[in-house]
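Throw the hints in and build the complete structure from the sequences for me.
Chains C and R, in that order, give the protein sequences. With the numbering used here as the guide, the letters of the first sequence map in order to residues 4 to 513. With the numbering used here as the guide, the letters of the second sequence map in order to residues 2 to 683.
Hints listed in this document are in silico derivations from the structure and should not be mistaken for laboratory results. It is possible that part of the hints are untrue.
30 Å max Cα-Cα, derived DSS-like pairs, lysine-lysine [said to hold, decoys possible]: (1) R/608 <-> C/223; (2) C/222 <-> R/627; (3) R/202 <-> R/238.
The residues making up each chain are set out below.
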Amino acid sequence: MKDILQELENRRENARLGGGQKRVDAQHAKGKLTARERIEVLLDEDSFEEYDMFVAHRCTDFGMEKNRPYGDGVVTGWGTINGRMVYVFSQDFTVLGGSVSATHAMKICKIMDMAMQNGAPVIGINDSGGARIQEGVDSLAGYGEVFKRNILASGVVPQISVIMGPCAGGAVYSPAMTDFIFMVKDSSYMFVTGPDVVKTVTNEQVTAEELGGASTHTKKSSVADAAFENDVEALAEVRRLVDFLPLNNQQKPPVRPFFDDVARVEDSLDTLVPENPNTPYDMKELIHKIADEGDFYEIQEDFAKNIITGFVRLEGQTVGVVANQPMVLAGCLDIDSSRKAARFVRFCDAFEIPLLTLVDVPGFLPGTGQEYRGVIKHGAKLLFAYGEATVPKVTVITRKAYGGAYVVMSSKHLAGDINYAWPTSEVAVMGAKGATEILYRSELNDPEKIAARTAEYEDRFANPFVAAERGFIDEVIQPHSTRRRVARAFAALRTKKARVPWKKHDNIPL
Amino acid sequence: MFKKILIANRGEIACRVIKTARKMGIQTVAIYSDADKNALHVAMADEAVHIGPPPANQSYIVIDKVMQAIKDTGAEAVHPGYGFLSENPKFAEALEAAGVAFIGPPKGAIEAMGDKITSKKIAQEADVSTVPGYMGLIEDADEAVKISNEIGYPVMIKASAGGGGKGMRIAWNDAEAREGFQSSKNEAANSFGDDRIFIEKFVTQPRHIEIQVLADGHGNCVYLGERECSIQRRNQKVVEEAPSPFLDEATRKAMGEQSCALAKAVGYASAGTVEFIVDGQKNFYFLEMNTRLQVEHPVTELITGVDLVEQMIRVAAGEKLSITQDDIKLNGWAIENRLYAEDPYRGFLPSIGRLTRYRPPMEVAAGPMLENNTWHGDAPTGETAVRNDTGVYEGGEISMYYDPMIAKLCTWGPDRASAIEAMRVALDSFEVEGIGHNLPFVAAVMDHPIFIDGEMTTAFIEEQYPDGFEGVTLDDANARRVAAAAAAMNRVAEIRRARVSGRLDNHERHVGESWVVQIGKGEPLALSIAADHGGSTVTFEDGTTMRVEGDWTPGDSLANMMVEGAPLVLKVDKITHGFRIRTRGADLAVKVRTPRQAELAALMPEKLPPDTSKMLLCPMPGLVVKLDVEVGDEIQEGQALCTIEAMKMENILRAEKKGTVSKINAAAGDSLAVDEVIMEFE
Numbered sequence: 004m005k006d007i008l009q010e011l012e013n014r015r016e017n018a019r020l021g022g023g024q025k026r027v028d029a030q031h032a033k034g035k036l037t038a039r040e041r042i043e044v045l046l047d048e049d050s051f052e053e054y055d056m057f058v059a060h061r062c063t064d065f066g067m068e069k070n071r072p073y074g075d076g077v078v079t080g081w082g083t084i085n086g087r088m089v090y091v092f093s094q095d096f097t098v099l100g101g102s103v104s105a106t107h108a109m110k111i112c113k114i115m116d117m118a119m120q121n122g123a124p125v126i127g128i129n130d131s132g133g134a135r136i137q138e139g140v141d142s143l144a145g146y147g148e149v150f151k152r153n154i155l156a157s158g159v160v161p162q163i164s165v166i167m168g169p170c171a172g173g174a175v176y177s178p179a180m181t182d183f184i185f186m187v188k189d190s191s192y193m194f195v196t197g198p199d200v201v202k203t204v205t206n207e208q209v210t211a212e213e214l215g216g217a218s219t220h221t222k223k224s225s226v227a228d229a230a231f232e233n234d235v236e237a238l239a240e241v242r243r244l245v246d247f248l249p250l251n252n253q254q255k256p257p258v259r260p261f262f263d264d265v266a267r268v269e270d271s272l273d274t275l276v277p278e279n280p281n282t283p284y285d286m287k288e289l290i291h292k293i294a295d296e297g298d299f300y301e302i303q304e305d306f307a308k309n310i311i312t313g314f315v316r317l318e319g320q321t322v323g324v325v326a327n328q329p330m331v332l333a334g335c336l337d338i339d340s341s342r343k344a345a346r347f348v349r350f351c352d353a354f355e356i357p358l359l360t361l362v363d364v365p366g367f368l369p370g371t372g373q374e375y376r377g378v379i380k381h382g383a384k385l386l387f388a389y390g391e392a393t394v395p396k397v398t399v400i401t402r403k404a405y406g407g408a409y410v411v412m413s414s415k416h417l418a419g420d421i422n423y424a425w426p427t428s429e430v431a432v433m434g435a436k437g438a439t440e441i442l443y444r445s446e447l448n449d450p451e452k453i454a455a456r457t458a459e460y461e462d463r464f465a466n467p468f469v470a471a472e473r474g475f476i477d478e479v480i481q482p483h484s485t486r487r488r489v490a491r492a493f494a495a496l497r498t499k500k501a502r503v504p505w506k507k508h509d510n511i512p513l
Numbered sequence: 002m003f004k005k006i007l008i009a010n011r012g013e014i015a016c017r018v019i020k021t022a023r024k025m026g027i028q029t030v031a032i033y034s035d036a037d038k039n040a041l042h043v044a045m046a047d048e049a050v051h052i053g054p055p056p057a058n059q060s061y062i063v064i065d066k067v068m069q070a071i072k073d074t075g076a077e078a079v080h081p082g083y084g085f086l087s088e089n090p091k092f093a094e095a096l097e098a099a100g101v102a103f104i105g106p107p108k109g110a111i112e113a114m115g116d117k118i119t120s121k122k123i124a125q126e127a128d129v130s131t132v133p134g135y136m137g138l139i140e141d142a143d144e145a146v147k148i149s150n151e152i153g154y155p156v157m158i159k160a161s162a163g164g165g166g167k168g169m170r171i172a173w174n175d176a177e178a179r180e181g182f183q184s185s186k187n188e189a190a191n192s193f194g195d196d197r198i199f200i201e202k203f204v205t206q207p208r209h210i211e212i213q214v215l216a217d218g219h220g221n222c223v224y225l226g227e228r229e230c231s232i233q234r235r236n237q238k239v240v241e242e243a244p245s246p247f248l249d250e251a252t253r254k255a256m257g258e259q260s261c262a263l264a265k266a267v268g269y270a271s272a273g274t275v276e277f278i279v280d281g282q283k284n285f286y287f288l289e290m291n292t293r294l295q296v297e298h299p300v301t302e303l304i305t306g307v308d309l310v311e312q313m314i315r316v317a318a319g320e321k322l323s324i325t326q327d328d329i330k331l332n333g334w335a336i337e338n339r340l341y342a343e344d345p346y347r348g349f350l351p352s353i354g355r356l357t358r359y360r361p362p363m364e365v366a367a368g369p370m371l372e373n374n375t376w377h378g379d380a381p382t383g384e385t386a387v388r389n390d391t392g393v394y395e396g397g398e399i400s401m402y403y404d405p406m407i408a409k410l411c412t413w414g415p416d417r418a419s420a421i422e423a424m425r426v427a428l429d430s431f432e433v434e435g436i437g438h439n440l441p442f443v444a445a446v447m448d449h450p451i452f453i454d455g456e457m458t459t460a461f462i463e464e465q466y467p468d469g470f471e472g473v474t475l476d477d478a479n480a481r482r483v484a485a486a487a488a489a490m491n492r493v494a495e496i497r498r499a500r501v502s503g504r505l506d507n508h509e510r511h512v513g514e515s516w517v518v519q520i521g522k523g524e525p526l527a528l529s530i531a532a533d534h535g536g537s538t539v540t541f542e543d544g545t546t547m548r549v550e551g552d553w554t555p556g557d558s559l560a561n562m563m564v565e566g567a568p569l570v571l572k573v574d575k576i577t578h579g580f581r582i583r584t585r586g587a588d589l590a591v592k593v594r595t596p597r598q599a600e601l602a603a604l605m606p607e608k609l610p611p612d613t614s615k616m617l618l619c620p621m622p623g624l625v626v627k628l629d630v631e632v633g634d635e636i637q638e639g640q641a642l643c644t645i646e647a648m649k650m651e652n653i654l655r656a657e658k659k660g661t662v663s664k665i666n667a668a669a670g671d672s673l674a675v676d677e678v679i680m681e682f683e
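In structure tokens, the structure reads:
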């Protein structure tokens, strides 16, 4: 009997070795952790339950029958993050380069099915050379099965991808369909076709890092949501994100004990908006001063900086924040910022995360660069996302809320639940100068008259009160009490129930 | 007594004067420029008058505008503060003509002391010790040697048109005097086109020590001890204290009596300061007299209990001094640190912008000011005092138009060591965010052995920080204290994390006792932590333990801890796997990891920050107005590369060395963050 038990331990030992010490050392030399080490950093200590440890591939071509390592290049199972359940797969580059075989994919599919059934997030750690060429179409079928589950799970359980090595070709499309992608600087890259193919086809010379490194995807392509210095930091930050997310779409977002005064007064906010309406200020200061403990988890920090997206907590409960950033492009909406914010709003809505919108928007960015690339449809994404969102929506206008962009930014007209405005707000069709130049075109040659007209317009419209008279603004609030007012608004909306007419699904302008 | 006074100043000194006036039941009038519309002094005063655009030469120092404000408000007297119009005889004259009292000395005294040569002559006539020297011009090297011998070596040979160290030589003997004369003369001729030379005593190990005097219009004058202001950066005082750790009673008395003699000689009536340079043998020489309230006056107030502003107002109202020399006792020790909006890590570059956070330490009353009931406000009492004279507030704006000093933090203790310790704690508790500031630097000075020993000279900063300030590294003992505190905070934070809703029942996370703390790139410190009701006990690998107490909870930006019974105040921000901790001038990334996490973290590659020596980095957040070069351009040192607009001010960025532009990453209209790469060079 003892021998039989020992045999299990021997086999486990064998499986845990992965591709052997030499390959583990090579992995470390590249500054990367092994698949199992990554799981250790990601999950609570000793919480990992592994499945399919002894799975091996069934390929018999190209001599593969002689090399059938345990696990088949991916470690799968579940564990907890701060006591909350998550499913994990972690590709093992030391075993057959982490390449995806039919059985490798089957393992991933198994835990994804469990995650859906039991309502827990899926975290995928990607470090794979790609399809296992020896298996041919079996490997592709495996990818297809994973894709299918990514799609089914979307909006059911949060899916997080962490790219910690190569992720190329068709493999990129699994992370692409998950909710968040994180990358590690200098040691991860993602692309559909690699530098060699690029060179052959287009004669363009580019390094893997330039083509699909962390910097490219966080700053240029917006494929990735954040990049971190190394594996350990990245996984620690994934833990931090999971603490903000509900486990599935049937649950309320998590609440944790908080140590901050709900009624905290921030007098400094009374001077946040500068006297000159064209002077920028940092909207992040407002976010930090509203949030519990000043804690803000920013998503896509380095992309489309004219809009800010991310998570905070209010009274311990997760709230998604979307805010115009006057520091960049005056906080205007454009293609990139609309896409970025729309995707974030839809994530929050799918997972019952209330939305706080902070508005200082002068309008949409004009120009052929925007129109030719379809700002109409891209801008409509954000409009659509806000309009369809049924989660509690609280809006605070701090300064400008002009034109169509005003309507887009979670206005009353798009079923905003509570819409506040600071006394410094200007809710209008456009700025005073632009407006008078259109309204009084005939007087344009007379600067004195125009100045008087501008002053008149400012007097009438450069304030929140016209909108407040009509009930488009529920209340004009003092900046220093914003945290209290917003927290109370969300508290009152905890029991909100909203329904949308039955439909198979909507047709958001993609 | 006056019913209403106007304060012809701004910032902390205007606030300071208003406080005393209010205590005396006098109404106050503030004046302000466009830039100061929302300033603290305006909010504090009973009335405020707008006097023009931001630049001081269009507002605060325009006599006509100030006179108009006086007229409009009916103020009976004016306190000028320091700087601006405080030593302007024309202003004193205008006030006299209008029949308004000047809370300062008579016009004649301002004039007499305002000129370097006249003041030195008057001082000599009043038997005040002056730097020995030959004021006339020197013909040749032989005469230079003769005069040098009369003065006594070492001597300083100076070009009369000199400046910036040019045309200046120190000579310790005849040969050096001969050589120095010739080279100074040549250099002066080349640099200034004026080769006139004079010689004076070179003061070795010079210290800047000044005497506070107080005189009335009835011929009475007292001195209130000295202030040591040796710690200066480019003639800008940074740290002051009273008394001086260097003077003995006899020297103090001699300096004080000579100062009073000088004050009497010019008919002085108000508070004034006589500045001396003191050498290593306690020889002191008159430098100049400042005919105004000094910035650093609070340290004198803290050890004498005399409210100098109150005395100035009383003297201006014609009252006789109610204190005699015998009443003045120096009690305890006071230190002042000036908080400047200057970034010590960037060569003390002025920093402007919004104070997103400004939380000075709590004021505490103690010492003579408490005993004499001259303490302002409702501060609680304690063993040591904390006083913060400030003119700014959280959410306020530091503009480019005025002096970058934003606060004066003072502490008082029964002796020097306790005053320094109180200052360390006060500095650690002082929260300033949004702008660069010198808090880490002054904190470093408070821990510098030369300062602790009181051995500083005016060359202290230059000698001790020749390459600028690069931050502080904690010694092992302090590092362990910080590590223990971080472990205790981390325990609280981790337990809170493990209490999030939605946990798998009965499978909750157990927060462990073993942790590894790593401060910056230092050696990881393995420790275990055990908590009880009163705090926690941290045991290091070598078996030593530390007791940590404190009520820090996650999100607190300030941690008031007791480590082994001694206070440890930390500024705390959250970072991945730990905290950013600022204390004692150090700025530390402190990682707290489980032993396994630490083991794995050790495998992570160390990434060197990119070499920025061949890049132009954006020094402040701002907007690119224009680029002056293109890729491929050869550039010369000092050539304009690009213009950045920040806070409505255009800043031209120039090349630090020759090179070729290899890449440009920004375009006109882009807004950039601090340290963003604008262009790269080859």
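Hints versus structure:
1. Between the alpha carbons of residue 608 of chain R and residue 223 of chain C the distance comes to roughly 23 Å, so the proposed pair stays at or under 30 Å and holds.
2. With a CA separation close to 23 Å, the supplied pair residue 222 of chain C and residue 627 of chain R stays within the 30 Å bound.
3. Simply put, residue 202 of chain R and residue 238 of chain R have alpha-carbon atoms about 23 Å apart, close enough for the 30 Å limit, and the pair holds.
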